[in-house]
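Build out the structure end to end from the sequences listed, making use of the hints.
Now for the letters of each chain:
Protein chains: 2
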Amino acid sequence: MPVIPVNTPSATYNVTIAPNLLPTLHSRLRKLNPGKPFRPFIITSPNIWSLWSKPFLASFKEPPTVLFHPAGERHKRMASVESLAQQLSTAGADRDALLLAFGGGVIGDITGFLAAIYMRGIRYVQIPTTLLAQVDSSIGGKTGVNLATGKNLIGSFHHPQAVFADTDLLRTLPPAELRAGLQESIKAGVIYDAKLFRYMEQNAEAILSTKRNADPTPLAKVVAASVRVKAEVVSQDEKESGLRMILNFGHTIGHAIEAATNYKQLLHGEAVAWGSIAALSVAVARNTISEKDANRIANLILRYGPLPTFKATAEKLVSLTSRDKKNRSGIRSFILPTAIGKVEIVRNVTEPELLAATNAMLTLMRQR
Amino acid sequence: MPVIPVNTPSATYNVTIAPNLLPTLHSRLRKLNPGKPFRPFIITSPNIWSLWSKPFLASFKEPPTVLFHPAGERHKRMASVESLAQQLSTAGADRDALLLAFGGGVIGDITGFLAAIYMRGIRYVQIPTTLLAQVDSSIGGKTGVNLATGKNLIGSFHHPQAVFADTDLLRTLPPAELRAGLQESIKAGVIYDAKLFRYMEQNAEAILSTKRNADPTPLAKVVAASVRVKAEVVSQDEKESGLRMILNFGHTIGHAIEAATNYKQLLHGEAVAWGSIAALSVAVARNTISEKDANRIANLILRYGPLPTFKATAEKLVSLTSRDKKNRSGIRSFILPTAIGKVEIVRNVTEPELLAATNAMLTLMRQR
Ligand SMILES: NC(=O)c1ccc[n+]([C@@H]2O[C@H](COP(=O)([O-])OP(=O)(O)OC[C@H]3O[C@@H](n4cnc5c(N)ncnc54)[C@H](O)[C@@H]3O)[C@@H](O)[C@H]2O)c1
Ligand SMILES: NC(=O)c1ccc[n+]([C@@H]2O[C@H](COP(=O)([O-])OP(=O)(O)OC[C@H]3O[C@@H](n4cnc5c(N)ncnc54)[C@H](O)[C@@H]3O)[C@@H](O)[C@H]2O)c1
Ligand SMILES: [Zn+2]
Ligand SMILES: [Zn+2]
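As you go down the protein sequences, you meet chains A and B in turn.
If you're matching positions, the first sequence starts at -16 in the numbering used here and goes up one per residue.
If you're matching positions, the second sequence starts at -16 in the numbering used here and goes up one per residue.
Think of the hints as simulated: they come from the structure by calculation, not from any bench.
Any given hint could turn out to be false.
Same chains, same label: a pair holds when it works inside one copy or across any pair of copies.
As the list claims (entries may be wrong) - Capping the alpha-carbon separation at 30 Å, the derived lysine-lysine pairs in DSSO-like fashion look like this: (1) K14 x K44; (2) K194 x K299; (3) K222 x K14; (4) K19 x K134; (5) K294 x K204; (6) K275 x K325; (7) K204 x K275; (8) K14 x K134; (9) K37 x K325; (10) K247 x K14; (11) K194 x K14; (12) K275 x K14; (13) K204 x K222; (14) K204 x K299; (15) K134 x K275; (16) K178 x K194; (17) K194 x K44; (18) K325 x K222; (19) K247 x K294.
Bear in mind the structure is a predicted one, so any value in this text is a computation, not a measurement.
Here is the structure:
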């Protein structure tokens, strides 16, 4: 069973990836804080709970208190955090409380943030239920909520005590969510792990299979390899002052697409997929990557589609990139692949370059 | 001019205490981040701004953006933080923004928390305008807001880059606010600094004088000495795992009194004053302090009154102490003075002891 360490200046913890993990949760959680009081509180959504509460609770003698948060990005807001905090306080949660985030990235981000600020910081554990959450959002300590003026503008760095990724949970995921999450795995391959990239090229059908009796191993392998990339990158640069920025490959234009479509038309991974194609186009124009590698990357991204189309002009998208939270005093960092598994961070991508690349991406989209 | 360092594992900064500091603010702020972009945003209340904006702005060529937050404890809530964050974002604040908290403890706590969570953490500076904020709340990195279910239940540790305490600001403070703030200085003397205690005994009249032409030196001396106590304690125990708890002298019952009176009848310092008298009574009953020292402490507290009376039973107050945020799994720490300038932390104060001490305090209150 893959157990992948995350090792940062402010926290050290493991990501455990395996099928059938939920039924052994209780003893795994108990081992995290030996000799300390055990006061777990589950934060989840009604739909996830109705699907998976049974195996989740199987190992608990006393079921923990469950607090519900409605599914959906639009509830990732301060008001939800306040309401959950109030419920915690009414339920008697003190500094020894342990929050269990059981859901996708939305539940994970909100629970992590709640843990960061409840009584100035309590412990929490991530039990991610979507592919995106298992390979990306549950790892690395970024937590937060949205403002009306932008996504993830409020938040904290606060690492979980552990991440338990039960790959069985992915069986009930809507297929589009699975495919969108796999775009982050492709990203992991592109920026850091040529072997993962190749595995995803060669085993696409098995990885994407949602047949009831499909072999779960290929997907679990991709999850583990993607987790390893994220864990290694975060361990080397916790606070995103350098290397961690490479995780933003495809995200500059990706975020602009999400903003332009009001976060409603595309899943995050789908927007990042289009954003990656645009970034690739900058790299090709600059000759930092060979046509051959660029084509392999674009083909793999499209292979894990279909990617939904959307309506927006290149001008609109590029103007939205200047509002990116990552910008500092107006300067924007950009991640360009140089080969499969390798990228560089550049700060001199110009607006005309971005416009041309975004137009090329939009043209490709219209041709399909 | 006293410049007192705070030195913790997560931050190092100075508290500068002097009259007439505001007119030199700009160059002091510029020096904090040499060579970096300077993007200040002021967070303040309308009443403070109308009194003090002129000297505040005197050294600025371009006035910074000012965001207003209404005065009053009841606005120290998540909704205010969200609204301020939204205003910051609309005004274009990015990770290089520098927040300037210009107000009492409410403004300081909310601005510090906003800085802690805006884009996962930006810089801020404290420019405290009340006595309580100058000697206590601006120092030490505790930031946060209230929930409907309790005070300061949401928050972060996030230190300012500097604290500038202009003692001239205290001239416009309502006299009751000044006296209530001085109760925290008495606390500083009781727990840590016998010399400060003696100075406050011997110079009460000069310290309390609000005459226009009064000598500002005695009060400024008390501010500096109190800051030194807080700075030294916090430097030795940033996260309140040990020594820092001594700052809670008088606060267990004090918080209960505030809760019992809905945070409306008494100022924080006044509630702490009554709480200190009750704590003293526990110490006397246990013989951990001499009657003589206990009387000196009680007399000094009352000398800096008048303390308003309130209605609550000892039973009610003691039951409210069990909800204290500092409790962990039901165990409550209690600070008892052993002499002037010395305290001990105990964990075995029983409910009957607390009841007796609270009744003694209530009796004293009724006799006056
Ligand atoms: N913190 C980070 O580092 C980080 C990184 C990337 C993304 N994110 C955040 O993650 C969020 C997106 O996460 P997401 O894609 O997991 O979305 P999500 O949490 O909204 O989940 C998607 C949908 O799937 C449902 N669902 C979850 N698990 C299921 C299961 N096992 N079976 C059936 N349905 C299930 C959810 O209820 C929801 O409707 C965004 O808010 C994004 O900002 C955070
Ligand atoms: N962070 C910490 O470590 C810490 C420590 C102690 C207290 N606190 C918090 O501090 C808060 C109380 O702070 P406070 O006592 O400063 O109250 P406050 O901030 O509410 O200020 C009291 C009143 O005085 C007014 N005022 C402020 N400066 C003035 C001036 N120079 N002239 C005239 N009026 C002025 C304010 O507008 C307000 O009406 C509480 O919320 C408490 O929880 C925090
Ligand atoms: Zn992403
Ligand atoms: Zn206090």
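Hints violated by the structure (numbers, ascending)
Of the numbered hints given earlier, those the structure breaks are 2, 5, 8, 9, 10, 11, 12, 14, 15, 17, listed in rising order.
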